[in-house]
Every structure is written in structure tokens, then in C-alpha cells.
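**Student:** Since the structure of chain A is already known, use the hints to place chain B on it.
2 protein chains.
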Amino acid sequence: MAGETRGLTLVFTGNGKGKTTAALGMALRAWGQGLNVLILQFIKGGWKYGELKAAGRLGTGFEMRQLGEGFIRDTGEEGMEEHRRAAQKALEEARRAVLEGKHDMVILDEINYAVHYGLVDLADVLEIIRSKPSRLHLVLTGRNAAQEVVEAADLVTEMREVKHPFAAGIPAQKGIEY
Amino acid sequence: MAGETRGLTLVFTGNGKGKTTAALGMALRAWGQGLNVLILQFIKGGWKYGELKAAGRLGTGFEMRQLGEGFIRDTGEEGMEEHRRAAQKALEEARRAVLEGKHDMVILDEINYAVHYGLVDLADVLEIIRSKPSRLHLVLTGRNAAQEVVEAADLVTEMREVKHPFAAGIPAQKGIEY
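Protein chains in written order, with our numbering: chain A, 52 to 229; chain B, 52 to 229.
A hint or two may mislead.
Put simply, identical chains are the same to the list, so a pair is met inside one copy or across any two.
[Claimed, not checked] Only pairs whose alpha carbons sit at most 35 Å apart, straight line, appear in this in silico DSBU-like list of lysine-lysine:
1. K183 with K140
2. K214 with K153
3. K153 with K140
4. K183 with K153
5. K183 with K104
6. K140 with K95
What the hints contain is simulated information worked out from the structure, not anything from laboratory work.
Next up, chain A with everything else stripped away, as it sits in the complex (with noise of 0.2 Å):
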């Protein structure tokens, strides 16, 4: 019907920069159309104090919350079940958040990440994906989106590096990568 909300289901993955950055972008385009927007993060390390102070600054209607443990260096038993255990939380709150139905678009950033690394079960997300309130926003981002994943979405980007700056040798940037 026209004008009607139908709430889509979007994915930015692959290696390249740009997939928080473009969910980022599109909840600031939701919160410009006075759209309730909440982002949840599985892996924290990926947010710095850029979008964390911008969420600050724009107060109602833009929401961040950080859940995840840091992105995996230690992969040895102990580290990874913490790591599992902070993601199965912020897969409880993505899926309280996803069906509350307060939010107009709900962002799980990095969770094809999580799935990918074992954190969060796959059956899960789809559950999610499946259950969501027909009419709301739903991206998810991260590398390595399950094939899965893909399928259930309208909507994928794959964000292919073509360069970055780090092979370069140049160091993080303010604005940019933090």
C-alpha cells in the first residue's frame, strides 16, 4: 500500500571500511525523520568517541548502547567464553529491543561478526530477523554475514576494500577511525 511502512531488513558486510559508518549514516537519516532509533553493539572497540559523543549530542530519539567484550585477540578458552557471554546479553537485549516495538530501527552492529566467531548462535538472529514487528528497521553489520543472514534481508552491501590507509602506514585519524 502506498505510504506504508514496511519495515525492511538490511545487512552492510564484507572487508572494507564503511559498514558501522553507513549504519551510522542511516540512523542519523531515521532520527532526521523523527524515527526512534536504537543501536546495539556485540563487539565493543568498534564504536570510539566520535559516534559516542555525537549520540550524546543528539539526545532524544538516538540511542547507543555498548555490550559487547573487545574484538578477539585472545582465543584461548577463558577469553572467548566471556566473549560468548557478553554477546548472548546483547543478543537478549537486541531481541527485547527488536520486539518491544518502541523503536522505529534497531541496529545490531557487528553482530554478523559475532555469529561468524561463534559468540552468537545463527538460529538466533533469523529468530530475530522472523520476529521482528513488520513494521521496523532492522540492519545488521559486520564481516562474514551468514549466507543465511543474506537471504533473510532485503537489502545487502557487500563494502569491498579496495585501500586502506593503515597499509600505508598512516595512523588513526580523529573523525575518522575514532
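**Tutor:** Same frame as chain A, now just chain B:
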């Protein structure tokens, strides 16, 4: 030198959704850091109400200017001439904004597309990249980025379309497409 700002040249290209969106996210992150951001639009129609309203709500330090004509449908000579004139004006404004040094980040939205369609000379764009102040972050978006622009950039991501809802007959959604 550690901590010194090294302005980067970033390119978001490819046929997938997320180029302008990632530029917006980058602008939001930079704005969150207190940087002064200017976004110039070379092809009107790429932006919709979402980002324009958001820019209005963000206020100081986040400015968007619509400069170009709409997307190219009429390829007749007269139509192209109008597009070219608008794009040249946008180029002038871009040059001025880059050189005057009042901003920390300048985003030239859809400039790659404008070059591809011959509305703007590649040499002029390369000259802007070369002459930018060293601390300025310059972001160029649009599909079909010229190889020379890719070579001149520090970071390049290709947004590759894997799946798009329009293909499935789903109309544009508020907060997503506009």
C-alpha cells in the same frame, strides 16, 4: 608525528547502497568529535528529507548544501548543458570550501558520478585533492570513481550491491531511502 592530524582523502564508490550513507555516518562521527563538517551535493536527488532535516537539527558544525541538478535522465544537449553548469558551480564552491580552511571535513557527494558523466573534469577534481590543506579530511562519493581518484585517495571502499529491495518490488521507505 603521534597525534598530529593527517587529513585523509576517502572514496566511497560502487553500485551498492551505502556510499552517501557512509559519508553521512562519517560526518556524524566527525561532528561528534567537534569537527566542522561541510557536505556539498553535486547531484540533487541523492539526498532526501531525512539527512536535510537531521542537518537542520544538528546545527553548528554540520552543514549541507544542495548544489547540483537532479539525476541525469534527459541526456539531450540542453539538459546536459544545465547539468554541467550546475556541476561547475558546485565545483567552484568545493574548491573554495577546500582551500579556505574553515572546515575539518569536506564531503563532495556524488562527485564521482559527475565526473563519470562528463559534468566535471577529472583534472579539476584531482587538483582539488592535491591542493587540499594537509589537515583536511576530504570525502568523495559516487559510483564509477575514476582510477586516478582511487590512486590519489588514502582509503577507498567499493559498496557492492548484493541485494536491493526495489528489485523485489518494495517501495522506498521513510528513514531508509529518504
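**Student:** Go through the copies and call it for K183 and K140: within, between, both or neither, with a Cα cutoff of 35 Å.
**Tutor:** within (18 Å within a copy, 46 Å between copies)
**Student:** As a check of your reading, is K183 near K153 (CA-CA no more than 35 Å) within one copy, between copies, both or neither?
**Tutor:** Only inside one copy: K183 and K153 sit 12 Å apart there, 45 Å across copies, limit 35 Å.
**Student:** When Cα atoms must be at most 35 Å apart, do K140 and K95 count as within-copy, between-copy, both, or neither?
**Tutor:** For K140 and K95, the Cα distance is within 35 Å only inside one copy (13 Å; across copies 43 Å).
**Student:** For the identical chains here, do K153 and K140 meet the 35 Å Cα criterion within one copy, between copies, both, or neither?
**Tutor:** within (19 Å within a copy, 44 Å between copies)
**Student:** Up to 35 Å between alpha-carbons, please classify K183 paired with K104: within, between, both or neither.
**Tutor:** Both. Shortest intra-copy (29 Å) and inter-copy (27 Å) distances satisfy the 35 Å Cα cut-off.
**Student:** Checking K214 and K153: alpha-carbon separation at most 35 Å within a copy, between copies, both or neither?
**Tutor:** between (39 Å within a copy, 28 Å between copies)
Every hint, counting from the list given before, is met by this structure.
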